Amino acid sequence: MRGRPVLRSVRPGGTSPPGPSCCCRAAGGPTRRLPRAGSRLEGISDLSPHSWYPVPTPGVEETGLALTGAGRIEGQGRKVTGRALEAYGAVLVTRGSGGLGHGRNPESCHRITEGTLFWLPPHVLHSYGPDRGTWSERWVLFQGPATAAYEKLGLLGAGEPTVRPADPRKLESAFDELAGMAARPASLARDLAAGAALQRLIALTSCVSAPTATRSSLGEQAVALLEEYAFEPLSLTHLARRLTVAPDTLTAAVRQATGSTPTEYLLRVRLIRAKTLLTTTDLAVAAVGRRVGYQDPAYFSRLFAHRVGLPPSAFRRQQGTTFA
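If you want this note's numbering, it's the position in the sequence shown, counting the first as 1, plus 19.
If you're looking for bench data, these hints aren't it; they were derived computationally from the structure. All values derive from a computational prediction rather than experimental measurement.
Taking lysine-lysine pairs in the DSS-like style, the calculated list, with each CA pair at most 30 Å apart, reads:
#1 LYS171 / LYS189
#2 LYS189 / LYS98
#3 LYS294 / LYS171
Now the in silico label distances, taken between C-beta atoms and shown as ranges:
#4 GLN275 / CYS128: 22 to 28 Å
#5 ARG310 / ARG203: 48 to 54 Å
#6 ARG261 / ALA306: 26 to 32 Å
Just so it is clear, CB atoms sit at the ideal spot from N, CA and C, and this is done for glycine as well.
My request is simple: use the sequences and hints to build the entire structure.
Below, the structure is given as structure tokens:
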């Protein structure tokens with residue numbers, strides 16, 4: 020007696036986007052190939068229980084980020100070779116090791132070990148896979164206008180395609196959360212929540228493991244000095260001399276610890292203090308400027324307006340307390 024077609028999932032192919040591809044075999048009939056992975060068909064989870072390709076609600080992508088795929092592969096033995104994606108991809112290897120070829124020379128190899136995440140920007144050729152045996156991975160696909168801003172911050176592989184997160188287990192949970200969202204029925208609420216979860220995942224990748232304890236310690240020492248002397252005259256050269264390192268080494272350590280150069284971090288500390296003084300005291304604007312390290316009141320006002328969006332006096336009227 021003939022029955023309905025039996026759906027079976029197969030191990031992922033070597034040239035598909037991150038995640039498994041599927042085929043459908045009718046009982047007693049020939050094999051029929053389904054649309055390739057990456058077509059973002061809603062409901063594909065019925066065919067492959069470990070990969071999902073949601074189609075975001077129209078307009079959601081304009082809010083920043085939209086999830087277009089998520090899943091996991093256990094015991095991946097095949098390699099992806101010479102492929103480029105239409106969307107951004109991120110892959111976290113949870114077990115095993117291998118290599119990643121990326122960019123203009125996809126044959127060049129970045130070493131991938133357990134706990135490593137690597138980015139796959141759109142339209143960039145890449146090849147990756149386990150070097151021996153198999154590995155297991157979590158993956159996501161996403162797109163949206165916020166990706167350009169993240170790249171400017173040095174994320175999404177703008178600097179280095181591989182990341183060693185400080186807490187791989189927390190990152191793995193973030194991938195699993197996105198896969199769970201992708202598997203839910205389509206809705207605006209799901210798509211907005213997935214966009215927020217993508218933001219959290221990207222934030223986790225900015226918290227990287229320090230290459231050495233020395234670099235981590237140097238960054239912490241530098242930040243401590245910047246905060247201690249933030250409101251006094253302080254130059255990068257002087258700070259580097261205090262820590263007996265080259266200015267470039269100091270800059271790299273502070274950027275790793277804070278995401279900013281020493282000069283930018285110092286400016287942020289000063290502006291935070293200036294906002295507090297403007298909203299909680301009746302000090303004149305010029306006096307606030309001097310308190311946070313700027314002797315020239317005109318320069319302080321211009322700098323404050325440039326970074327905050329309005330002059331100190333206007334900020335005080337808008338946010339502060341009126342003193343009798």
